[in-house]
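In order, the protein sequence lines correspond to chains A and B.
111 is the number that this note's numbering gives the last residue of the first sequence; the numbers go up by one with no jumps.
111 is the number that this note's numbering gives the last residue of the second sequence; the numbers go up by one with no jumps.
Hint data in this document are derived by calculation from the structure and do not stem from the laboratory.
Any given hint might turn out to be false.
Identical chains share a label here; the pair holds if one copy fits it or two copies do between them.
For lysine to any residue, the following SDA-like pairs were computed, each having C-alpha atoms within a straight-line distance of at most 25 Å [to be verified]:
| id | residue 1 | residue 2 |
| --- | --- | --- |
| 1 | K63 | L77 |
| 2 | K63 | D44 |
| 3 | K63 | Q40 |
| 4 | K33 | S62 |
| 5 | K63 | C38 |
| 6 | K63 | Q81 |
| 7 | K63 | L37 |
| 8 | K63 | P36 |
| 9 | K63 | L91 |
| 10 | K33 | P60 |
| 11 | K63 | G43 |
| 12 | K53 | N19 |
Keep in mind the model is a prediction, meaning the values are calculated, not measured.
2 protein chains.
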Amino acid sequence: MIKFSVFYPNEEGSTFDMDYYVTKHIPLCRQLTGDAMRRAEIDKGLGGAAPGSKPPFVAAVHMYFDSLEAFQASFVPHRMMLADDVPNYTNIRPVLQMAEVL
Amino acid sequence: MIKFSVFYPNEEGSTFDMDYYVTKHIPLCRQLTGDAMRRAEIDKGLGGAAPGSKPPFVAAVHMYFDSLEAFQASFVPHRMMLADDVPNYTNIRPVLQMAEVL
């Protein structure tokens, strides 16, 4: 199983519309990728290492696929459409990571 | 459900012993927290946004708990013992995040 994660760093002056993200952007990801995306898990950052500290990431999503090939075939063709939607919910430049789930 | 994530940024000159992490450190986390930790998911970074680019994080773990209270009761008392084990597998200073799973 592989996981494509998108992290939104908690930067000074950043904005993030969690409602739009959960009800519009992630459903759009699901719709475009179809069954190839096995699961999507959305994180809402609560805090960091020290009690009361800000979370390093305001939000993140983790999208699971059976293989890199399944990701490339289902997600990559839509990446520009998805990138175009980002300004609708945040001004943060996301950090992207592909990982293998051990 | 809440998720305590530990990220290991992919820094120049960093080392990370994935075998030790998977077979020693995470099992120690499981043992110390007991049933309170519902699940632990380990990521091995494969790549970043651009094809062939390095992953932002060498590795990460996501530990799931029913509540912040369950985390605080089961994990926090052992955090120094767990922190003491970190130099056994990496020289990276980890980034910690507490998140709500939506």
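Hints, one by one, checked against the model:
no.	hint	verdict
1	K63 with L77	between (33 Å within a copy, 16 Å between copies)
2	K63 with D44	neither (35 Å within a copy, 28 Å between copies)
3	K63 with Q40	neither (32 Å within a copy, 29 Å between copies)
4	K33 with S62	neither (29 Å within a copy, 29 Å between copies)
5	K63 with C38	between (28 Å within a copy, 24 Å between copies)
6	K63 with Q81	between (34 Å within a copy, 17 Å between copies)
7	K63 with L37	neither (29 Å within a copy, 27 Å between copies)
8	K63 with P36	neither (27 Å within a copy, 28 Å between copies)
9	K63 with L91	between (27 Å within a copy, 22 Å between copies)
10	K33 with P60	neither (32 Å within a copy, 27 Å between copies)
11	K63 with G43	neither (35 Å within a copy, 28 Å between copies)
12	K53 with N19	both (11 Å within a copy, 23 Å between copies)
Checked against the numbered hints given earlier, this structure breaks hints 2, 3, 4, 7, 8, 10 and 11; the rest are met.
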